[in-house]
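Each protein sequence line maps, in turn, to chains A and B. Converting from the first sequence to this note's numbering requires adding 1301 to each position, the first position being numbered 1. Converting from the second sequence to this note's numbering requires adding 1301 to each position, the first position being numbered 1.
By construction, these hints were calculated from the structure, which means they are not laboratory data. Treat the hints with care, since some could be wrong.
Identical chains blur together in the list; that is why a pair holds if it fits in one copy or across any two.
[Said to hold, decoys possible] Taking lysine-lysine pairs in the DSSO-like style, the calculated list, with each CA pair at most 27 Å apart, reads: (1) 1362 - 1458; (2) 1458 - 1520; (3) 1607 - 1582; (4) 1458 - 1514; (5) 1381 - 1739; (6) 1384 - 1739.
Keep in mind the model is a prediction, meaning the values are calculated, not measured.
Number of protein chains: 2
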Amino acid sequence: MSLTNATPLEVARAARLGSRQLAVLPVQARNDALTAIHDALAAGKDDILAANHRDLTAATKAAEGGQLSQSLVKRLDLGKKGKFEDMLQGILDVRGLEDPNGKVQQKLLLDDGLILERKSCPIGVLLIIFEARPEVIANIASLAIKSGNAAILKGGKESTESFKTISSLISNALAKTQVPQDCLQLVQTHDVIGELLKLDQYIDLVIPRGGNKLVVTIKNSTSIPVLGHADGLCSIYVRHDSPVDVAVKVIVDSKTSYPAACNAVETLLVDADALETTLPKVAEALLAEGVSLRCDGQSKTALTSKLDQHNAAMIQDATEEDFRTEFLDLTLAVKTIPATSNAGEALDLAIAHINEHSSHHTDAILTQSESMARRFQAGVDSSSVYWNASTRFADGQRYGFGTEVGISTNKIHSRGPVGLDGLMIYKWLIDGTGQVTKDYGSGGTRQFKHQQIPVGHEVAEGMARNAEELELLKNFRAQGPNGHS
Amino acid sequence: MSLTNATPLEVARAARLGSRQLAVLPVQARNDALTAIHDALAAGKDDILAANHRDLTAATKAAEGGQLSQSLVKRLDLGKKGKFEDMLQGILDVRGLEDPNGKVQQKLLLDDGLILERKSCPIGVLLIIFEARPEVIANIASLAIKSGNAAILKGGKESTESFKTISSLISNALAKTQVPQDCLQLVQTHDVIGELLKLDQYIDLVIPRGGNKLVVTIKNSTSIPVLGHADGLCSIYVRHDSPVDVAVKVIVDSKTSYPAACNAVETLLVDADALETTLPKVAEALLAEGVSLRCDGQSKTALTSKLDQHNAAMIQDATEEDFRTEFLDLTLAVKTIPATSNAGEALDLAIAHINEHSSHHTDAILTQSESMARRFQAGVDSSSVYWNASTRFADGQRYGFGTEVGISTNKIHSRGPVGLDGLMIYKWLIDGTGQVTKDYGSGGTRQFKHQQIPVGHEVAEGMARNAEELELLKNFRAQGPNGHS
Chain A
1302 MSLTNATPLE
1312 VARAARLGSR
1322 QLAVLPVQAR
1332 NDALTAIHDA
1342 LAAGKDDILA
1352 ANHRDLTAAT
1362 KAAEGGQLSQ
1372 SLVKRLDLGK
1382 KGKFEDMLQG
1392 ILDVRGLEDP
1402 NGKVQQKLLL
1412 DDGLILERKS
1422 CPIGVLLIIF
1432 EARPEVIANI
1442 ASLAIKSGNA
1452 AILKGGKEST
1462 ESFKTISSLI
1472 SNALAKTQVP
1482 QDCLQLVQTH
1492 DVIGELLKLD
1502 QYIDLVIPRG
1512 GNKLVVTIKN
1522 STSIPVLGHA
1532 DGLCSIYVRH
1542 DSPVDVAVKV
1552 IVDSKTSYPA
1562 ACNAVETLLV
1572 DADALETTLP
1582 KVAEALLAEG
1592 VSLRCDGQSK
1602 TALTSKLDQH
1612 NAAMIQDATE
1622 EDFRTEFLDL
1632 TLAVKTIPAT
1642 SNAGEALDLA
1652 IAHINEHSSH
1662 HTDAILTQSE
1672 SMARRFQAGV
1682 DSSSVYWNAS
1692 TRFADGQRYG
1702 FGTEVGISTN
1712 KIHSRGPVGL
1722 DGLMIYKWLI
1732 DGTGQVTKDY
1742 GSGGTRQFKH
1752 QQIPVGHEVA
1762 EGMARNAEEL
1772 ELLKNFRAQG
1782 PNGHS
Chain B
1302 MSLTNATPLE
1312 VARAARLGSR
1322 QLAVLPVQAR
1332 NDALTAIHDA
1342 LAAGKDDILA
1352 ANHRDLTAAT
1362 KAAEGGQLSQ
1372 SLVKRLDLGK
1382 KGKFEDMLQG
1392 ILDVRGLEDP
1402 NGKVQQKLLL
1412 DDGLILERKS
1422 CPIGVLLIIF
1432 EARPEVIANI
1442 ASLAIKSGNA
1452 AILKGGKEST
1462 ESFKTISSLI
1472 SNALAKTQVP
1482 QDCLQLVQTH
1492 DVIGELLKLD
1502 QYIDLVIPRG
1512 GNKLVVTIKN
1522 STSIPVLGHA
1532 DGLCSIYVRH
1542 DSPVDVAVKV
1552 IVDSKTSYPA
1562 ACNAVETLLV
1572 DADALETTLP
1582 KVAEALLAEG
1592 VSLRCDGQSK
1602 TALTSKLDQH
1612 NAAMIQDATE
1622 EDFRTEFLDL
1632 TLAVKTIPAT
1642 SNAGEALDLA
1652 IAHINEHSSH
1662 HTDAILTQSE
1672 SMARRFQAGV
1682 DSSSVYWNAS
1692 TRFADGQRYG
1702 FGTEVGISTN
1712 KIHSRGPVGL
1722 DGLMIYKWLI
1732 DGTGQVTKDY
1742 GSGGTRQFKH
1752 QQIPVGHEVA
1762 EGMARNAEEL
1772 ELLKNFRAQG
1782 PNGHS
């Protein structure tokens, strides 16, 4: 880790060079580096918390002056119960993950003694731009080293003191490992993001960790691929045949268990047939949790006739804009899906509404019908599409990834919650014995065999081969430089 | 297929809407559309060739006036022996490929009755920008329909007449199939590329098919992901222990079998120990094929002393720029890798040269040593890295994909030759029975199981389940809307 005032170009070039060394380090060396980082941060706890306290003091002052939000101040605090220990445990969790590097994904016999392999490898150099939370530095450092990627980190200025302390501890720790220090660079110079975003010859992937504004700004100012999501406008479509208790439970969890999360529900679509049966129970439960409901005409009419006076008075009118809004708060927009002559038509209206309004993050259907659920899952163009489950399951930990790089609404590479695999790409390797393409063309003497060779997801050091292949290769290698045995 | 003069916004919106219908069509409907296109083009052969003749006449005239290159005129000609039939066969070949859509890639039991699946699906809307070759329209139309993606096509103005005829034939053919016509749009309006490249809310992936200039211009003017490669600067590193006959054969094939191809070799790195043994034989063979050699000082000295007078006189001096040049011609730059105290150091110098100078496309090592080859394959940061084989194997047909979308030097999504898989992404599906996240948090009553369920790459219509799962789901579905059986 270098805490650097170097120019963006120097930073990016050094990271690129370091990345090539890191990419070929065995997993043991990468894991040893994670152990060293863990131990250094554990030993430096008092220094880190003291530095974090300085950041907090400044931020609290700024918040009192109205320049910073209270929620940002909260996110800055590393001293909160369990947060520091969670950060340390996170490093060990990443260390414990299976090595994503060097996995043989496909293997094909092109011809005798000519084998094609697709093998996983690191992407190269990541640029991580994040706001506030100082524990991200340890998290990203772990993910980068484990996956064999170099990383350039640029944090928010609110956490400068914490970053300085954490990064010099990590830097000293790395110096005693095989991981080149240039593989992790913390940029503290101001106003360098614009320059870094231009360096597509050195930087392969940008990962913004922050709010909508940060992500949108970055996406619009670089031709480097950006992994992430700007919005999380999630919807639930509750059909008339859904059990009421399931609807109540799933919708309340999706809205209230963490309203500020990107996977919280923002829009509820309700079958017209369910307006007087399911919806009132759902509304009562949501109102009891303090949720504001913004309803279209039909659902408002139904609710005001069914709810008691107090609750009925709390129902607000929805505007068209409400169905395009990520509230990130205890507010839910409610829209009626009109009754149609057949069940599929109503479903298609709900799908069309979601594809037009949602942010392609996570959407759910509540129904007893498997055929309707399958049509919904195929038709909704979102990264996660659920049947009878809370939208809040969209999360790397819950998906069993062990750790989460972020959530992506991209249409290429990685979609939905992204684990360590999202930091990997592959390369194509051919092992030949002197073959040339001319022999396989028209008038050539050879034909491609294109036989799939089954692979486990083993790390292939020197590739498993059958006896025939081994013999062929042995003979080939026994030749001298003059071409004869 | 609409041959359209609509605005870019209208085109992109229509393609997006069409894409959602196409995405859920069964493979039989997509294959039927390919049959219809094939038959329509076969029946319309005379009309197409007449239109192509009009393009050719205009282009030949322009070429005589110096406004167009002769090679572009050649690429325009659909009447060349076998080209039309190849185009038709290409459609049937794509039809015959396995359906890439709806493959279950991962399956995980999150908890009882809570199953997570990762399933392949189309990306959405592709924008294909191409130069000259009119057969690309049939090729791209086939790939898009087979993979379930909508496509907007913008061709070069040289082939306008061919495109008009081909696209109206395809349009009429599609009208009788289940594939919405809006899924394939040929834009003939001028100067719309800039507008289309801004429409990232509708267009998911840009695929340029053309020269370096086209690709670079597009990459620099859009935040939509671009799949492709600008350059193909490929290298071969020949080590002293490589059999001479292998070196001659592989290098001659890599350079001369199609010098204008992106996978042709442009730089030869030679061990100092091989300058007087292997290199002269390689040089003789290349010179005999008309290749110009641009050599660094050491390799030139060695060659001029070893070659006969005539050949020696043909050796030119290399400039530093030659090692950064994609000649696309019968020219090869030659660089010496100095002798070092151990074999690995020389290897690392070659790897460092390639990582710094090559375009990360395809690079090869010629050696008898497996350990050196493995280090080279791990260390070189290119999409294809070969041991003892011609760089010209980097090709979708040769890799057994059946068809090729293009060759990518991107570091995310698809790398190297790209088959139909490169047009696919995935979505995450959860099938639940009313689960909520609150039950799995601290203080919750449930624990995630995260059990991998083995999957074949079967198309899962209604997912295979075990008996226990089926029972659980049956019971759940038997409940009425009031939550009781």
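Hint check results:
For a Cα distance limit of 27 Å, the shortest separation of residue 1362 from residue 1458 inside one copy, 14 Å, qualifies, whereas the shortest one across copies, 63 Å, does not. In the homo-oligomer, the alpha carbons of residue 1458 and residue 1520 lie at most 27 Å apart inside one protomer (21 Å), although the nearest pairing across protomers, at 32 Å, exceeds that limit. Within a single copy, residue 1607 and residue 1582 get their C-alpha atoms as close as 9 Å, which meets the 27 Å cut-off; across copies the closest is 92 Å, which misses it. Taking the shortest Cα distances, residue 1458 and residue 1514 sit within 27 Å of each other inside one copy (16 Å), while across copies they are farther apart (40 Å).
When the C-alpha separation of residue 1381 and residue 1739 is checked against a cutoff of 27 Å, the pair qualifies only between copies, where the shortest distance is 22 Å, while the shortest distance within a copy is 67 Å. In the homo-oligomer, the alpha carbons of residue 1384 and residue 1739 lie at most 27 Å apart only across protomers (20 Å), although the nearest pairing inside one protomer, at 62 Å, exceeds that limit.
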